[in-house]
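Take the given structure of chain W and dock chain Y to it, following the hints.
Those protein sequences? They're chains W and Y, same order as listed.
The letter at position 192 of the first sequence is residue 192 when you use the numbering used here, and the numbering goes up by one with no holes.
The letter at position 78 of the second sequence is residue 78 when you use the numbering used here, and the numbering goes up by one with no holes.
Careful: at least some of the hints might be erroneous.
[To be verified] Listed below are several chain Y residues computed to face chain W (Cβ distance under 8 Å; list not exhaustive):
no., residue
1, 18
2, 61
3, 80
4, 94
[What the hints assert, rightly or not] List time: in silico SDA-like cross-link candidates among lysine to any residue, alpha-carbon distance up to 25 Å:
no., chain 1, residue 1, chain 2, residue 2
5, W, 101, W, 158
6, W, 101, Y, 20
7, W, 101, W, 184
8, W, 101, Y, 15
9, W, 101, Y, 16
10, W, 101, Y, 21
11, W, 101, W, 171
12, W, 101, Y, 19
13, W, 101, W, 189
Note that these hints are calculated values from the structure, not bench results.
These figures come from a predicted structure and were not determined experimentally.
Note that the Cβ used here is the ideal one computed from N, Cα and C, for glycine as well.
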Amino acid sequence: MSVTYPTQLPAAGAQSASHGHDHAHDDGSRTVLGFWIYLMSDCLIFASLFATFGVLAGSAAGGPAARDLFDLPYVATETALLLISSFTFGLASIALRAGRKEIVALWLVVTFAFGLGFIAMEVHEFTHLVEIGAGPDRSAFLSAYFTLVGTHGLHVTAGLVWLAVMIHQLFAFGLDGVVRRRLACLSLFWHFLDLVWICVFTFVYLRGVIV
Amino acid sequence: MSSSPVLAEARHASGGLLRSYVGGFLLSLLLTALSFGLVMAGRVPPGLTFGLITLLAVVQLLVQLVFFLHLGTAPDQRHNTVIFILTALLITTVVTGSLWVMHNANVNMMPMSPALENRSAGG
Numbered sequence: 001m002s003v004t005y006p007t008q009l010p011a012a013g014a015q016s017a018s019h020g021h022d023h024a025h026d027d028g029s030r031t032v033l034g035f036w037i038y039l040m041s042d043c044l045i046f047a048s049l050f051a052t053f054g055v056l057a058g059s060a061a062g063g064p065a066a067r068d069l070f071d072l073p074y075v076a077t078e079t080a081l082l083l084i085s086s087f088t089f090g091l092a093s094i095a096l097r098a099g100r101k102e103i104v105a106l107w108l109v110v111t112f113a114f115g116l117g118f119i120a121m122e123v124h125e126f127t128h129l130v131e132i133g134a135g136p137d138r139s140a141f142l143s144a145y146f147t148l149v150g151t152h153g154l155h156v157t158a159g160l161v162w163l164a165v166m167i168h169q170l171f172a173f174g175l176d177g178v179v180r181r182r183l184a185c186l187s188l189f190w191h192f193l194d195l196v197w198i199c200v201f202t203f204v205y206l207r208g209v210i211v
Numbered sequence: 001m002s003s004s005p006v007l008a009e010a011r012h013a014s015g016g017l018l019r020s021y022v023g024g025f026l027l028s029l030l031l032t033a034l035s036f037g038l039v040m041a042g043r044v045p046p047g048l049t050f051g052l053i054t055l056l057a058v059v060q061l062l063v064q065l066v067f068f069l070h071l072g073t074a075p076d077q078r079h080n081t082v083i084f085i086l087t088a089l090l091i092t093t094v095v096t097g098s099l100w101v102m103h104n105a106n107v108n109m110m111p112m113s114p115a116l117e118n119r120s121a122g123g
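So that you can see chain W by itself, here it is in the shape it has in the complex:
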């Protein structure tokens, strides 16, 4: 670690020094545990949104119902994009373990691209729904749908911003302890979003079409 510091800018060096102090108490595992507890509290947000959606799913108020709106092949493509991005983040984690910076960066860029594809498809889907008069103001069902799926989409967007920041930090700071710890947290976050999406495609899209 200390080998990389002298080559850095003074500001970055000062930052690293403060993190070095941090490391005296913590090897990063406590931070990751804390981040895991945050993710579990995020789970509870999604649980209440899923419960709300479950209660309101049938309240279409005479407007379009789930089976009139949802296009399953489109959702399957979104699902594939997010699942592949979760896998490519796994490949980045392996390269991180092996200490190969360029390979980590490569897989993070691939993950970013698939995540961006997912968000682009979701934004397209939302704008289409609003255009045909099935926006969040149409019925309780659609309000709950946009809130739940939109909250997931916002999380993925935040993940994309974080990915971009980490790709930058990878080159600015190298694979030091702080960058490794942040990537470990981001990895949990990104995989977690794919877990939430499993519940979304099952209980929102697939259930909506069969019931």
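Frame of chain W, contents of chain Y only:
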């Protein structure tokens, strides 16, 4: 902090990690395809289809928790696993409780006469 034994250990572990991610990815693809296939084929009655896709979702959640998030009973993972199990308990309580209570509220609501219902819908 001597780096060479750490790196050697990392290389040894990364083979297992790769198997874990590839296995998790293939299983997730299969389970997702089964869920979508079941619904899109539409040959199974709706009630049974819903039961099956719920089961497939739970299996896929477990697959990703173990293969991607590495939850397990290993000493360094025990905290995460216990916290997750408690959260799962809370989620189950919140979701089933809400659905149950709201279902009951709907069923036991005082029946409204059509005239009243129209008036309240209009107002």
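Notebook entry, point to check: Broken hints, numbered, in rising order?
Noted result: none
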